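Visitor: Using the sequences and the hints, build the whole thing.
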Amino acid sequence: MSKSAFECHFKGMNCGVKWRFSFWSRAANIVPMTMIRNYLPLARRYLAILAMALWMGGFTFYSLIVIPTASKVLGGEREVGFVTQQVTNWLNLIGIGALLILLWNTLAERKKAGFLVSYGLPATWLVMVLSLIGLFFAHAWIDQLLDTANHKVLSYSHFFDRHRLYMIIATIQWCSALAHLLLILLAGQKVGGLGSQRETELVTS
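Under the working numbering, the first residue of the sequence shown is numbered 3, with each subsequent residue one higher.
Just so you know, these hints were derived from the structure itself, not from any lab. Honestly, I wouldn't trust all of these hints.
[Said to hold, decoys possible] Across the chosen pairs, the derived CB separations fall in these ranges:
hint	residue 1	residue 2	range
1	E79	L109	36 to 44 Å
2	L148	P70	14 to 22 Å
3	Q88	L156	14 to 22 Å
4	A151	Y48	42 to 50 Å
5	I135	Q191	31 to 39 Å
6	G77	A45	45 to 53 Å
7	N152	S73	19 to 27 Å
8	T62	Q88	15 to 23 Å
9	V75	L109	42 to 50 Å
10	A151	S73	16 to 24 Å
11	F161	G99	27 to 35 Å
12	N152	L44	48 to 56 Å
13	L132	E81	25 to 33 Å
14	F84	A125	33 to 41 Å
Computed from a prediction, not measured in an experiment: that's the story for all the values here. The beta carbon of each residue, even a glycine, is placed where N, CA and C say it ideally should be.
Guide: This is the structure in structure tokens:
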């Protein structure tokens, strides 16, 4: 490559670097970092609510709508039970991902929230974690009584006892999830002094 060609090539690269720098500088002016920081808590809570909707919303819809409807269509609860066995596995796995997102939100909210939110979010999160661990063990305990190949229950008396335990744990988890969701909503507002003072000032200023 000749000297003149090299200079042209170098100048072209330099122009490209300047153009990219200018582009990002203008983008930074259009979307200032203060705006991003102000809306990040909203985006974080939005993601937390979506995670709760997928996890607990899926559980609620399946329990209240799908199971009774499927029992009527299939003519019994046994076949539906084997479907539920697979569905609850997925719900519990979704719960792991949801709890990780909720942990991120909980740690962020504790730094600037009021008393109720600061202690309520981690408390309800911990209850959901312990409940999920209990559900994994209870699910494996129930699976021991199921013959999935032939769709048979090996012992109905033991099955109902273990299933009742599973439902009690799931109900505790569901109630703590509802409380956690309410605290997420309170975290972004000043409701009787319970929400975030700092973020309320940002919104009203």
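Visitor: It remains to establish, for every hint, whether it holds in the given structure.
Guide: Structure-based check of all given hints:
1. E79 - L109: 36 to 44 Å: holds, 42 Å
2. L148 - P70: 14 to 22 Å: holds, 21 Å
3. Q88 - L156: 14 to 22 Å: For Q88 and L156 the Cβ distance comes to about 18 Å; the hint holds.
4. A151 - Y48: 42 to 50 Å: This hint holds: roughly 44 Å between Cβ atoms.
5. I135 - Q191: 31 to 39 Å: Holds, since I135 and Q191 (Cβ atoms, about 32 Å apart) stay within the stated range.
6. G77 - A45: 45 to 53 Å: holds, 47 Å
7. N152 - S73: 19 to 27 Å: holds, 20 Å
8. T62 - Q88: 15 to 23 Å: Cβ of T62 to Cβ of Q88: about 18 Å, so the range 15 to 23 Å holds.
9. V75 - L109: 42 to 50 Å: At roughly 44 Å between Cβ atoms, L109 and V75 fall inside 42 to 50 Å, so the hint holds.
10. A151 - S73: 16 to 24 Å: holds, 22 Å
11. F161 - G99: 27 to 35 Å: Roughly 29 Å apart at Cβ, these two residues keep to the hinted range, so it holds.
12. N152 - L44: 48 to 56 Å: holds, 52 Å
13. L132 - E81: 25 to 33 Å: holds, 32 Å
14. F84 - A125: 33 to 41 Å: holds, 36 Å
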